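Sequence order for the protein chains is A and B.
Letter by letter, the first sequence follows residues 72 to 404 in the numbering used here.
Letter by letter, the second sequence follows residues 72 to 404 in the numbering used here.
It should be emphasised that the hints constitute simulated quantities derived from the structure, not laboratory data.
Keep in mind that this is a model prediction, so the values were computed, not measured.
Any given hint could be a false lead.
Given that identical chains are not distinguished, each listed pair holds provided it fits within a single copy or across any two copies.
Said to hold, decoys possible - In silico DSSO-like cross-links for lysine-lysine, where the CA-CA straight-line distance does not exceed 27 angstroms:
hint : residue 1 : residue 2
1    : LYS384    : LYS397
2    : LYS249    : LYS347
3    : LYS397    : LYS375
4    : LYS244    : LYS128
5    : LYS289    : LYS190
6    : LYS128    : LYS397
7    : LYS244    : LYS190
There are 2 protein chains.
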Amino acid sequence: MQNKSIVLTGDRPTGPLHLGHYVGSLLNRITLQDQYTQYVMLADIQALTDNYENPQKVRENCLQVVLDYLAIGIDPSKTTIFIQSMIPQIAELTIFYLNLVTVARLQRNPTVKTEIAQKGFGESLPAGFFMYPVSQAADITIVKGTIIPVGEDQLPMIEQTNEIVRSFNRIYKTDVLKECQALVPKTARLTGIDGQAKMGKSLGNAIYLSDSIDDLSKKVMQMYTDPGHLRVEDPGKIEGNMVFTYLDIFDSNHDQVQALKDQYQAGGLGDVKLKKYLIEVLDVKLRPIRERRLALSQDLAYIKGIMLAGTQKVQIVAEQTMREVKQVMHLDY
Amino acid sequence: MQNKSIVLTGDRPTGPLHLGHYVGSLLNRITLQDQYTQYVMLADIQALTDNYENPQKVRENCLQVVLDYLAIGIDPSKTTIFIQSMIPQIAELTIFYLNLVTVARLQRNPTVKTEIAQKGFGESLPAGFFMYPVSQAADITIVKGTIIPVGEDQLPMIEQTNEIVRSFNRIYKTDVLKECQALVPKTARLTGIDGQAKMGKSLGNAIYLSDSIDDLSKKVMQMYTDPGHLRVEDPGKIEGNMVFTYLDIFDSNHDQVQALKDQYQAGGLGDVKLKKYLIEVLDVKLRPIRERRLALSQDLAYIKGIMLAGTQKVQIVAEQTMREVKQVMHLDY
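Based on the sequences and whatever the hints tell you, model everything.
This is how it looks when you write it as structure tokens:
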């Protein structure tokens, strides 16, 4: 069917994927690939915007991220995985779009504002980072994406994309470009094992899909619980206790989780015992992923092949979009 | 010889070329094409930065500008003429370079500052215009340009390009990119027929290479002379008198010009007579150009062919540069 919606998501290949990605977006992609045409982009150029001094790392992470994808069940026969830097049309579109967006508008973008503050760029804000909403609009529109799964904090990016689409279509009297809509997941962002912030590589509070059972155990054992819960017999708190946060998400046996909560609050359930239980729950989920990942990692040429085959498919789509765009811009010499 | 210097110049195809272009850069290119490898870029994408609502005009002007080039003696067997928008690697390089330049640095660029003020953008400054020094750095480096003929006011652009080249080479530990040097013409900018500002299309004070003899005559007859010079027998002023400014530049018979100056200052030389003399001088230069241009314009397919053949040559050069760039950036999957 021609009118099937087109989903675009992606990841910055700056490190292996973790449970936060798994819950927040990866699981969703497994559902989406059965319903829509789905593209998943390895945003290597966007990763370079704040990793430009370490390109080798970005490159290696591309393969690691694809390993993660396949291990969790993203099916390359249903989902097209591609590398951003191999689609030059994205850069071309970005340059065209930069004419349609004012500097003042970029300065007002709330997502960019927040991220600039978070990263503490100050005077050293790279122009590439400043204009990345425009480049995202190019990512989305080059494949004519219509459904974009993003976190709530990314909604201004979607709005920026649609503004560009409307400007372009109005100026060039066309409907070549399509507006898109955000698909915001219902699940809250997964907090890291420290209980402090959302799980993130740079914060050292992440459990990776590729973690060994030893690493997994060690991280759960460090998990933030209730600092007031010193002896087994003491009553403990549930709120803010990461072990229960994780059990609520990952243990489908809700009665069992409720029983543990009751016991913990009453006193008599030690942190170590509780954590061992969570390790088991997580390991049931992660062991098959880890094993599939290990098996797949024996043949990196195959993984690279998946990535390049997907990229080739997108090259054809991107050429077609660019042909249409250049035609309405009278750039089809 | 491999180490031959590489010249890049170009024009924004926003209108036909005029005497200001002729004196300021076109004549120079005829000399340069015998000494160096010379590329001349039709900067259609850059033209779109402030003509994005009129792409058809930009496209038509490409052919007009190539007609001007060939008519004045730019030889396509020596000079490679190409279209910016057909070299996607320029967009790719621009995106890479945007990571190496801060927003603060772009805000400090004196050329951009001046042009922003001149064009009165204010709050509506397009991001594409704001970052065009970065895109110029990509234009230059994609063909590894080493000699860049520019006006004095463009020197900060060359400095910006070399900053980017040095950052790139340092970060990626390479010497793939080459620094360039400006070649500033000795001739002053040609003032328009109104005597007010440099000759420019938007100011309506230009004499075009393609002007008919009637248009040429009409424009010279409107030329600013000495408003105090009312009667033939009155003494007239030389300074700021456009007719003499033009004679100084275009009449190689300096003795004759001096004699006219003497007579004009003493009184007894009327503006009409003087202007008729200038029309003759200009027509000697412009008639052969006009005639060649007219002949060439009978076969626009040939002109388009020249443009596309040059573009194809540059596509090969650009692919090679991009291969080297992506290799050092570890983007050669």
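Verification of the supplied hints:
1. LYS384 <-> LYS397: both (20 angstroms within a copy, 21 angstroms between copies)
2. LYS249 <-> LYS347: Neither. Shortest intra-copy (50 angstroms) and inter-copy (60 angstroms) distances fail the 27 angstroms Cα cut-off.
3. LYS397 <-> LYS375: This pair counts as between: shortest inter-copy Cα distance 17 angstroms, intra-copy 32 angstroms.
4. LYS244 <-> LYS128: between (43 angstroms within a copy, 16 angstroms between copies)
5. LYS289 <-> LYS190: neither (29 angstroms within a copy, 62 angstroms between copies)
6. LYS128 <-> LYS397: between (35 angstroms within a copy, 14 angstroms between copies)
7. LYS244 <-> LYS190: between (39 angstroms within a copy, 26 angstroms between copies)
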